[in-house]
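Number of protein chains: 2
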Amino acid sequence: MYVDLGNGLASVASPGVSRESLERLDERVGRAHERIERGRKNEEFGYAALNLPQGADAGAIERAVAPLKDCESVLTIGIGGSALGAATISEALGLAGTHVLDNVDPAWVRETLAGLDLAGTAVHVVSRSGTTAETLANFLIVREAFEGAGVDWTERTIVTTGERGPLRTLADRHDLPVLSVPEGVPGRFSALSSVGLVPAAIRGGDVEDVLAGAREGTGVGDIEGSLFETPAYAYGAATYALSERGAAINAVLPYAEGLERFAEWFAQLWAESLGKEGLGQLPARALGATDQHSQLQLYRAGPRNTMVTFVRPRERPELTIPDTDFEALSYLGATGLKALIDAEFEATEASLAAAGRPSLRIEIDRLDARSVGALLYDMELACVLVGELMGVETFEQPAVEWGKRATRGLLGAEGEFPESEAVGEKNQLAVEPDR
Amino acid sequence: MYVDLGNGLASVASPGVSRESLERLDERVGRAHERIERGRKNEEFGYAALNLPQGADAGAIERAVAPLKDCESVLTIGIGGSALGAATISEALGLAGTHVLDNVDPAWVRETLAGLDLAGTAVHVVSRSGTTAETLANFLIVREAFEGAGVDWTERTIVTTGERGPLRTLADRHDLPVLSVPEGVPGRFSALSSVGLVPAAIRGGDVEDVLAGAREGTGVGDIEGSLFETPAYAYGAATYALSERGAAINAVLPYAEGLERFAEWFAQLWAESLGKEGLGQLPARALGATDQHSQLQLYRAGPRNTMVTFVRPRERPELTIPDTDFEALSYLGATGLKALIDAEFEATEASLAAAGRPSLRIEIDRLDARSVGALLYDMELACVLVGELMGVETFEQPAVEWGKRATRGLLGAEGEFPESEAVGEKNQLAVEPDR
Chain A
1 MYVDLGNGLA
11 SVASPGVSRE
21 SLERLDERVG
31 RAHERIERGR
41 KNEEFGYAAL
51 NLPQGADAGA
61 IERAVAPLKD
71 CESVLTIGIG
81 GSALGAATIS
91 EALGLAGTHV
101 LDNVDPAWVR
111 ETLAGLDLAG
121 TAVHVVSRSG
131 TTAETLANFL
141 IVREAFEGAG
151 VDWTERTIVT
161 TGERGPLRTL
171 ADRHDLPVLS
181 VPEGVPGRFS
191 ALSSVGLVPA
201 AIRGGDVEDV
211 LAGAREGTGV
221 GDIEGSLFET
231 PAYAYGAATY
241 ALSERGAAIN
251 AVLPYAEGLE
261 RFAEWFAQLW
271 AESLGKEGLG
281 QLPARALGAT
291 DQHSQLQLYR
301 AGPRNTMVTF
311 VRPRERPELT
321 IPDTDFEALS
331 YLGATGLKAL
341 IDAEFEATEA
351 SLAAAGRPSL
361 RIEIDRLDAR
371 SVGALLYDME
381 LACVLVGELM
391 GVETFEQPAV
401 EWGKRATRGL
411 LGAEGEFPES
421 EAVGEKNQLA
431 VEPDR
Chain B
436 MYVDLGNGLA
446 SVASPGVSRE
456 SLERLDERVG
466 RAHERIERGR
476 KNEEFGYAAL
486 NLPQGADAGA
496 IERAVAPLKD
506 CESVLTIGIG
516 GSALGAATIS
526 EALGLAGTHV
536 LDNVDPAWVR
546 ETLAGLDLAG
556 TAVHVVSRSG
566 TTAETLANFL
576 IVREAFEGAG
586 VDWTERTIVT
596 TGERGPLRTL
606 ADRHDLPVLS
616 VPEGVPGRFS
626 ALSSVGLVPA
636 AIRGGDVEDV
646 LAGAREGTGV
656 GDIEGSLFET
666 PAYAYGAATY
676 ALSERGAAIN
686 AVLPYAEGLE
696 RFAEWFAQLW
706 AESLGKEGLG
716 QLPARALGAT
726 DQHSQLQLYR
736 AGPRNTMVTF
746 VRPRERPELT
756 IPDTDFEALS
766 YLGATGLKAL
776 IDAEFEATEA
786 SLAAAGRPSL
796 RIEIDRLDAR
806 SVGALLYDME
816 LACVLVGELM
826 GVETFEQPAV
836 EWGKRATRGL
846 LGAEGEFPES
856 EAVGEKNQLA
866 VEPDR
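Taken in sequence, the protein lines are chains A and B. The numbering used here numbers the first residue of the first sequence as 1 and each following residue consecutively. The numbering used here numbers the first residue of the second sequence as 436 and each following residue consecutively.
I should point out that these hints are in silico values taken from the structure, not numbers from a laboratory. Idealized CB from N, CA, C, for every residue including glycine. A couple of the hints might just be wrong.
[Said to hold, decoys possible] Think about it this way: if two alpha-carbon atoms lie no more than 16 Å apart in a straight line, the pair counts; the simulated EDC-like pairs of lysine to aspartate or glutamate are:
{"hint": "1", "chain 1": "B", "residue 1": "K773", "chain 2": "B", "residue 2": "E753"}
{"hint": "2", "chain 1": "B", "residue 1": "K476", "chain 2": "B", "residue 2": "E618"}
{"hint": "3", "chain 1": "B", "residue 1": "K504", "chain 2": "B", "residue 2": "D641"}
{"hint": "4", "chain 1": "B", "residue 1": "K773", "chain 2": "A", "residue 2": "E111"}
{"hint": "5", "chain 1": "A", "residue 1": "K404", "chain 2": "A", "residue 2": "E416"}
{"hint": "6", "chain 1": "A", "residue 1": "K338", "chain 2": "B", "residue 2": "E546"}
[What the hints assert, rightly or not] Rough simulated footprint, nothing fancy, chain A against chain B, three-plus residues with beta-carbon under 8 Å:
{"hint": "7", "stretch": "529-539"}
{"hint": "8", "stretch": "760-766"}
[As the list claims (entries may be wrong)] Computed footprint of chain B on chain A, listed as stretches where at least three residues anywhere in the stretch have a Cβ under 8 Å from a Cβ of chain B:
{"hint": "9", "stretch": "103-111"}
{"hint": "10", "stretch": "271-279"}
Whole structure, please, built from the sequences with the hints as guidance.
Set out below in structure tokens:
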């Protein structure tokens, strides 16, 4: 991962951070780095995620999925961190036939199942606790669909879960292959484990290369504790500084369709890790060049509360634009889509700088397994750094528990979950059409 | 469209708006309404969009697409407002076989084309000016792909464009069916015209019902100038009030996969219409229930700068969850996905209220043509109201021009477009991996 902080400097943008401030901040980065290294060494909760690229066993994943390699589709059943990493990696590698059931919309679940040839579909069920309501409800429905189609689901299913729990019990009962969610790793930091890698492995992605990229990107084991040396720290520290100076929003704008899911993965990482105690930065997921025609007006002329994170591959295939009988477009005739999207990337970045709006540039070599592994790893490390600088509990997500308990109460266990009583007390001010 | 402002009240949330403030604001809503009505009556630029449901000729659209009704796929080539409305309506109506080329990523364009059976594919090219670089580049590539496949593209293509321009010329030269972009309507307000309706019409959506829904939803022609009477004004005024009180971010959280694109459409409408002169509110697109496992931690415990807009259909199909051998999940056995997603919706809404975070609730009857037409129309009207209350030029988007000119310069006309010179002057502070 390559980072360029140039357009986030105070000499360009407001909010912006001066070089002098970055130099002062670098001392704190050094201390945060020591904390991170200690956490990694001791395999502390959360920090352990940063050891996944060395610890993950690509061979074990490959062996577990070997019987499923002939499947043309793989359906991941999970939600949040149990789905986004898998979707991000599969999409970035351009692997066809990878699907995700990460919602409980009945119409959509039915339609997704109807679109699959179940005889050629592998199922990957992911839940650390083995009790996630959305995931297990969907799994029960999928299992029934397989039975209805006369396909033995036990021959097609692989499970990734914790050491205990109902999903582990079920897997043991039906003799399903099971991979373990790594210990000490929150879901949103688990992409570089079986949680994120199984679907890619089934569909022929090079899982070992993803891990190798993650190891090499920043130079794991040999990370320099300076934002001027380590790209992940450069991105994290500059984003923290811009956030402190007013960038409440971080609009992530990848210029590649294959990174659309990456922006979603990043959004979970950033929001759930840093959004606590009144702190945090809203990750706004976007897509270049498309959102130039949607969000750019606001980024350039709206409130000075937004920084943009540009992301692009340095190399990509070309697709020539045929010669044209549109005179107004003859300037495109000599070029191709790669030249066009790259020109739009650079012009949009410059247009923000010209308006004094901050942006940071992230580049990877190309959309391949190594670069994607490096990108995910470095963004995780950047996030952990920002958590240290903010002083929050990066690896917890306490604010989501209330809603889970209220849901449980609404579904028939009111006594145990008093939160559900508050749902009925809703304060109303309804405005409805007059018919 | 039904709106409930209850959880945006100051008695629930901070930021929040008191009933008294809403009553005072309603006087301004009344005056803004008069301005809007005058603009509609005189067909003024932008305001004219609010007359589309009466003016759009569903019959003309149906006649134009009649020869393409046997196509199993329709590919819309457009970007921004020329694509999002079409995608939103097609997706909300659950129409299969609708695809959009709204980006110039070469790998993705190639892959999209490879996935289509061109002999059964209709093409809808949309550009008001007829000069949009991304759209025409993609159209040239698609045309060549049809030629390569031995399929006559002139038999498969329908064009929506302005009265003049290269795309109009080309359509005339090849005798293609052409529909006109309505006069006086910016792209982001054009969903309820041929721009947004053609793909749905080709794939069997009930275009007349979409328009009827838009006419009936708010009661066009008989809109009350009060936020307490008109749902669109209720949503717009409350959102404006919350924005004034600190809600810099509007997280749009539809609880239906079929409304995922709606959140994107809304994001363009909101960002491009209101993001100017340092004003505006960032529309963060999200999706329920999925984002409970991603963004909710931040919405509930992060900075008090975010309001959530919940959107859901009141009715949807049920999908029973089979009886289970997971003991921990036996509470799901008696229920279904509809009950589950509805419980999660209500629990999540209540969980924000319990944390004192503002939200507004929007409901539609169900995901059908009438309700979707009403939803889009009412959100457009809400946006126009907010523009009036903010005092901005809702229908312009001047800040995107700089980047378009710089792109043009980078592609070989530097002299004409001096903006491109600034691109080369980029201020760099690069941090790269040490290899």
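Each hint, compared with the structure:
| no. | hint | result |
| --- | --- | --- |
| 1 | B/K773 with B/E753 | holds, 5 Å |
| 2 | B/K476 with B/E618 | holds, 14 Å |
| 3 | B/K504 with B/D641 | holds, 13 Å |
| 4 | B/K773 with A/E111 | holds, 15 Å |
| 5 | A/K404 with A/E416 | holds, 12 Å |
| 6 | A/K338 with B/E546 | holds, 15 Å |
| 7 | 529-539 | holds (count 4) |
| 8 | 760-766 | holds (count 6) |
| 9 | 103-111 | holds (count 9) |
| 10 | 271-279 | holds (count 8) |
Violated hints for the displayed structure: none, as all numbered hints are satisfied.
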